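Given the coordinates of chain L, work out where chain S with the ligands should sit on it, guided by the hints.
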Amino acid sequence: MDYLVRNPDTVLRLTGEHLYMAVVALLIALLIALPLSMLLLRSKPLATFVLGILGVLYTIPSIALLILLLPFFGLNRNSVIAALVIYAQIILVRNMVAGLQGVPTAMLDAAKGMGMTAWQRWWQVQFPLALPVILAGVRLATVVAIGIATIGAKFGAGGLGTLLFDGIAQNRYDKIVVGSVVVALLALILNRLLLAMEHYFEPASRIKRAVRPVRSVAAAEAPTAV
Amino acid sequence: MSAIRFENVTKEFSNMARSAVDHCTLAVDKGQFVVLLGPSGCGKTTLLKMVNRLYEPSSGTIYLDGVDIRQLNVNKLRRQIGYVIQQTGLFPHMTVAQNIATVPNLLRWPKQQTGQRVDELLALVDLPPAEYRTRYPAQLSGGQQQRVGVARALAGNPEFILMDEPFGAVDAITRTSLQDEMITLQKKLRKTILFVTHDVDEALRLADRIVIMRNGKIVQYDTPLNILNHPADAFVKELMGGGDIVRQLGLIRVEVAMQKLPADFHVDGQPTINCEQDLRHALSILLQPGATALLVLDQQTPVGLLTLDDLRTAARAQSTAALAA
Ligand SMILES: Nc1ncnc2c1ncn2[C@@H]1O[C@H](COP(=O)(O)OP(=O)(O)O)[C@@H](O)[C@H]1O
Ligand SMILES: [Mg+2]
Chain L
0 MDYLVRNPDT VLRLTGEHLY MAVVALLIAL LIALPLSMLL LRSKPLATFV LGILGVLYTI
60 PSIALLILLL PFFGLNRNSV IAALVIYAQI ILVRNMVAGL QGVPTAMLDA AKGMGMTAWQ
120 RWWQVQFPLA LPVILAGVRL ATVVAIGIAT IGAKFGAGGL GTLLFDGIAQ NRYDKIVVGS
180 VVVALLALIL NRLLLAMEHY FEPASRIKRA VRPVRSVAAA EAPTAV
Chain S
0 MSAIRFENVT KEFSNMARSA VDHCTLAVDK GQFVVLLGPS GCGKTTLLKM VNRLYEPSSG
60 TIYLDGVDIR QLNVNKLRRQ IGYVIQQTGL FPHMTVAQNI ATVPNLLRWP KQQTGQRVDE
120 LLALVDLPPA EYRTRYPAQL SGGQQQRVGV ARALAGNPEF ILMDEPFGAV DAITRTSLQD
180 EMITLQKKLR KTILFVTHDV DEALRLADRI VIMRNGKIVQ YDTPLNILNH PADAFVKELM
240 GGGDIVRQLG LIRVEVAMQK LPADFHVDGQ PTINCEQDLR HALSILLQPG ATALLVLDQQ
300 TPVGLLTLDD LRTAARAQST AALAA
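So the protein lines, in turn, are chains L and S. For the first sequence, the positions run 0 to 225 when numbering that gives the first Met the number 0 is used. For the second sequence, the positions run 0 to 324 when numbering that gives the first Met the number 0 is used.
Since no wrong hints were added, every one of them can be taken at face value.
Residues from chain S that face chain L, not an exhaustive set, calculated with beta carbons under 7 Å: (1) Asn-51; (2) Leu-53; (3) Asn-74; (4) Thr-101; (5) Val-102; (6) Tyr-135.
In short, the hints are calculated from the structure, not lab data. None of the values given here were measured: they were computed from a predicted structure. Backbone N, C-alpha and C define an ideal beta-carbon position, used for all residues, glycine too.
Just chain L, same shape as in the assembly (with noise of 0.2 Å):
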């Protein structure tokens, strides 16, 4: 840890870029991954296709994606948030469409019934019920993200790989130890933020926030007289 406390200006500024790397392409993944799963969810055979498509991509080494991806993006950090972007896709999806699945026909039909249009029941009913499912990709999308972002520096997008290369080469522990642990904390405090978002967003917890304890039923459940 010596070196942390030597060259924090340093271990910074990779954060950063590493930071920077992964969530500009856990954005442009989403803007890619709601419009497809929105597709998806109209067709099923679709649906088993470009999910097998995007599962197969997940199967390929980050190296070997890296390389393929160099000649459209160049050797620097754009092909690197391509990468990521790819890897995040297939978590996104998956879990957008089994969340957007998950809400029941017959709730929709009865927010249909009711007169809301197509754009009330996708944001009033649709989305917020698929939400926590949704977070539930994001997260593992961004702790995937922040690790595979790592070997970036091989490819000259700085981030704190260039620790753990660097220090590999250099046969320098102290840097080694320094680039593990903070890209680790940094998984873990994003994965804590998001957790709790997702609970947040969970119809229980709304409950719990409720002011009203919830009292016994029977009182108010008694046939009533006519």
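Then chain S with the ligands, alone, in the frame of chain L:
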């Protein structure tokens, strides 16, 4: 002019050999409580969903107050029709108040008016507003959830209400009390209601008129008493439980069968029954030990007596009437 009119309405689904709803013609008067009754899969839900255009008829026309519903904006149409479904209809992420406010919010009512309306409706369905407004559906019993469902359907003050097996998922005792409340509500509100069920007793209790459906067709459309007494065919007779005399008693009111209170009658702790109750209910009390005669009350005032003999006479008159017809 009928409030709701189906004219030769047919609905075909591509995966089905026969039509789900087959050339149905039906006129429902304003303020009537009409129950669609029939075995599972006979097309009740499909017929209902064509009224708020969740399904479009393959052919035929539906009129609300004489207007072809295809001429109306579909969301405007739906906002003026209350809709209650079984179980899962409530939004679990919204409070009871937010659920009930759904249609008022769609209609862009002012906040204050919506708030008042929510409280008024909660009171109407016997849920004290202060206690229940802020609850979530998961914090309510099944019966309470259904009452909130009914309140939500009434919120926009619709003339028409569609109910699809709304009490299908609650236990028998709760169902009976929900039915009682529904009867009381309808006496006050006089909405035009289409109510789907496959429960014969529920239909008999609630309906002004019953539509009996089979394989997508309307087999009979009449008052409960007429359907029991003059079933259109063997299917209807079977469905209604044949000549089930106890069921028929459920349709005769106590005041019709009772005898005048003898002049020298001495009120002395006899079991009592309200004159608007039915004979089926009376029978269940009479069968208890020690109850040889029931004192009939009209708003707490004794007006007559009812014995097993009176009951038998009334039942016999009923079945001779049926035979003669
Ligand atoms: N959306 C649909 N797609 C295909 N077939 C349907 C659909 N809805 C209903 N059906 C079919 O239409 C028939 C009538 O169904 P339904 O109206 O739900 O019956 P009920 O409500 O009387 O039980 C059934 O055979 C059912 O399988
Ligand atoms: Mg049905």
